[in-house]
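There are 2 protein chains.
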Amino acid sequence: MAVTIKDIAERVGVSVTTISRVLNNRGYLSDKLKKKVQGAMEELNYQPNELARSLSRKKSNVIGLIVPDISHPFFGQLTKHIEYYAYKHGYKLMLCNSLLNKKKEKEYIELLRASQVDGIIMGSHTMKVEDYMAIKLPLVTLDRRISDAIPYVSSDNYKGGALATKLLIRKRCRKIAYLSGSLQLNLLAKQRHDAFMEQVGRQSVDYVVRQTDLNGFKYKEYEALVRELFDEHPDIDGVFASSDLLALQVVRESRRRGKSIPGDLKVIGYDGIQNGGAEELTTIEQPIQEMGKLAVLRLLQQMAGEETPLETILPVRLLERGTT
Amino acid sequence: MAVTIKDIAERVGVSVTTISRVLNNRGYLSDKLKKKVQGAMEELNYQPNELARSLSRKKSNVIGLIVPDISHPFFGQLTKHIEYYAYKHGYKLMLCNSLLNKKKEKEYIELLRASQVDGIIMGSHTMKVEDYMAIKLPLVTLDRRISDAIPYVSSDNYKGGALATKLLIRKRCRKIAYLSGSLQLNLLAKQRHDAFMEQVGRQSVDYVVRQTDLNGFKYKEYEALVRELFDEHPDIDGVFASSDLLALQVVRESRRRGKSIPGDLKVIGYDGIQNGGAEELTTIEQPIQEMGKLAVLRLLQQMAGEETPLETILPVRLLERGTT
Chain A
1 MAVTIKDIAE RVGVSVTTIS RVLNNRGYLS DKLKKKVQGA MEELNYQPNE
51 LARSLSRKKS NVIGLIVPDI SHPFFGQLTK HIEYYAYKHG YKLMLCNSLL
101 NKKKEKEYIE LLRASQVDGI IMGSHTMKVE DYMAIKLPLV TLDRRISDAI
151 PYVSSDNYKG GALATKLLIR KRCRKIAYLS GSLQLNLLAK QRHDAFMEQV
201 GRQSVDYVVR QTDLNGFKYK EYEALVRELF DEHPDIDGVF ASSDLLALQV
251 VRESRRRGKS IPGDLKVIGY DGIQNGGAEE LTTIEQPIQE MGKLAVLRLL
301 QQMAGEETPL ETILPVRLLE RGTT
Chain B
1 MAVTIKDIAE RVGVSVTTIS RVLNNRGYLS DKLKKKVQGA MEELNYQPNE
51 LARSLSRKKS NVIGLIVPDI SHPFFGQLTK HIEYYAYKHG YKLMLCNSLL
101 NKKKEKEYIE LLRASQVDGI IMGSHTMKVE DYMAIKLPLV TLDRRISDAI
151 PYVSSDNYKG GALATKLLIR KRCRKIAYLS GSLQLNLLAK QRHDAFMEQV
201 GRQSVDYVVR QTDLNGFKYK EYEALVRELF DEHPDIDGVF ASSDLLALQV
251 VRESRRRGKS IPGDLKVIGY DGIQNGGAEE LTTIEQPIQE MGKLAVLRLL
301 QQMAGEETPL ETILPVRLLE RGTT
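Those sequence lines, one after another, are chains A and B. The UniProt record's numbering applies: residue 1 is where the first sequence begins, and numbers increase by one. The UniProt record's numbering applies: residue 1 is where the second sequence begins, and numbers increase by one.
It should be emphasised that the hints constitute simulated quantities derived from the structure, not laboratory data. Hints may be right or wrong, so weigh each one.
Said to hold, decoys possible - Restricting the straight-line Cα-Cα distance to at most 20 Å, the calculated cross-link-like pairs of lysine to any residue (SDA-like) are:
(1) Lys102/A to Asp131/A
(2) Lys220/A to Glu285/B
(3) Lys102/A to Tyr87/B
(4) Lys220/A to Glu280/B
(5) Lys259/B to Glu280/A
(6) Lys220/B to Leu319/A
(7) Lys88/A to Lys102/B
Stated by the list, open to error - To be clear about the criterion: a stretch of chain A counts as covered by chain B if any three or more of its residues have a C-beta under 8 Å from a C-beta of chain B, and this derived list gives those stretches:
(8) 67-80
(9) 89-95
To be verified - With the C-beta cut set under 7 Å, the calculated list includes, among others, these residues of chain B facing chain A:
(10) Lys80
(11) Lys92
(12) Met94
(13) Leu95
(14) Asn97
By construction, the Cβ of each residue, glycine as well, lies at the ideal position given by its N, Cα and C atoms.
Just chain A, with the same shape it has in the complex (with noise of 0.2 Å):
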């Protein structure tokens, strides 16, 4: 019987989609790969089929990436980043908005196997461990680490929790409030409230802890939340918000209250989106171009085969401007 690419996959220990594309010159390719492949082709004289190839050349390079919103700006930053990565590789990208809907990221996940996409970028994270680890693709994870087999990448979020907390102490605040996300769901982001809650116990500090919802990203939310902070604890002097949308509501509703920032009130936020706005906002930066770019990296090692690191930490800088 004819040799198959198939076989050839064998021999390597690799995908029949990744022998495919060492013989169709396509994406990513290491030069250990494509030794590889020539000496498994050698070794089991392999004659290629030139029509399964035409055909497999027509095949597009697609990868699936799952945001839980487009529309906010970090997601908007992360995904041009990324969009800009992979088609710098010849990768198309398949996107979708999961809005955090758990039914909804699951059927995503199944018709980008449908489709078959070569891998998927998880930005959304509403499913069980158990869940990402059937998915059987190539597979990389934004802000969450699921188990050993699956690479993610991130910021280094506990760092940026004590940068943020440390400044606001360095400013003499006495009392300050940590507003985030949820805190249940078990992302890499909680580090920066840990990291917040170290800070604030050594030092002794007056604190409050404010989450929203598990349905995050409803800027009504927000403002609710915001003054429902105030409201409560009218001596609040600094705050640390682990978004900067969240930092600018703490800004707007300052405004409205007539307390001057940072005379009254110190705010920090977190992400460093370009777009802040009218405000000079003290932030902590996320280097989102270095993560859409070491996601689509870490996809691509994975896709040729080759070890890829599980971890992929990236720094974070304190931008200090004038809301502090």
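Position chain B against the provided structure of chain A, taking the given hints into account.
Relative to chain A, chain B alone:
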């Protein structure tokens, strides 16, 4: 020779893809179309090929969406709504970020065609009319009228420009600046400028017009634009900016110069981006959700071979807030 799907398609006067969808009951199908196809099948005595149908059934419904910059809040929100309605009708989204790069836009359209997408929504406009006419796929454009053959969806730019300018005049501005993206591109957004000119002419109000370069969406450019404007025309007392992002830069720069808003300077933006941040920005709200919904609907109607209205112009709304 056996009757094929192609024969049915010719008889009905639609594409093979459309017939395939009817046979597989996939996507948006009008009763009128279904009846036509049924009738043609009976007339021609068509015997469906089950293998071909099952292969066809595995085909994923995909719509291509090309935007200039997904990180721009307007396009982030638009994409969110397009994705939502596409998904609702069983279509997945392939996202392209053109960054206003003509070569990339052209390449992407080729890739989408090779991927056999069912249609394309164009939100990015760098190519010439002939190039768009040459795309042999269902097509809908946003904010640009390309020809009498390609449906477009827009909001009422002229009305929006008039509402904004009239408001500033009503608030007794004596020297008004209009700030916009490039006025060279033949976009419907240019009508905001036309309305502005009409109003300032009518009321004999002093005015200045400034435009960013062709490569809009670069936030540093906005900063420079606004600074130059205030340096050259410190007596400006009203600004109509053609995007909220631009308006926020104006607010920022005004603060830096110690100008109070709205006291010394009245500012109105455009778009009505939800997360305008800390500002109570007066703006002209575009019905972004409706635009997304109708862009998808128009594309589906085309795919179904139905008569599709050439122009869909949705109403805008003045949101009077704290900056005027």
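Hints, verified against the model:
{"no.": "1", "hint": "Lys102/A to Asp131/A", "in the structure": "11 Å, holds"}
{"no.": "2", "hint": "Lys220/A to Glu285/B", "in the structure": "18 Å, holds"}
{"no.": "3", "hint": "Lys102/A to Tyr87/B", "in the structure": "15 Å, holds"}
{"no.": "4", "hint": "Lys220/A to Glu280/B", "in the structure": "14 Å, holds"}
{"no.": "5", "hint": "Lys259/B to Glu280/A", "in the structure": "16 Å, holds"}
{"no.": "6", "hint": "Lys220/B to Leu319/A", "in the structure": "17 Å, holds"}
{"no.": "7", "hint": "Lys88/A to Lys102/B", "in the structure": "16 Å, holds"}
{"no.": "8", "hint": "67-80", "in the structure": "holds (count 10)"}
{"no.": "9", "hint": "89-95", "in the structure": "holds (count 4)"}
{"no.": "10", "hint": "Lys80", "in the structure": "4 Å, holds"}
{"no.": "11", "hint": "Lys92", "in the structure": "6 Å, holds"}
{"no.": "12", "hint": "Met94", "in the structure": "6 Å, holds"}
{"no.": "13", "hint": "Leu95", "in the structure": "4 Å, holds"}
{"no.": "14", "hint": "Asn97", "in the structure": "5 Å, holds"}
Figure legend: structure checked against the earlier numbered hints; every hint is met.
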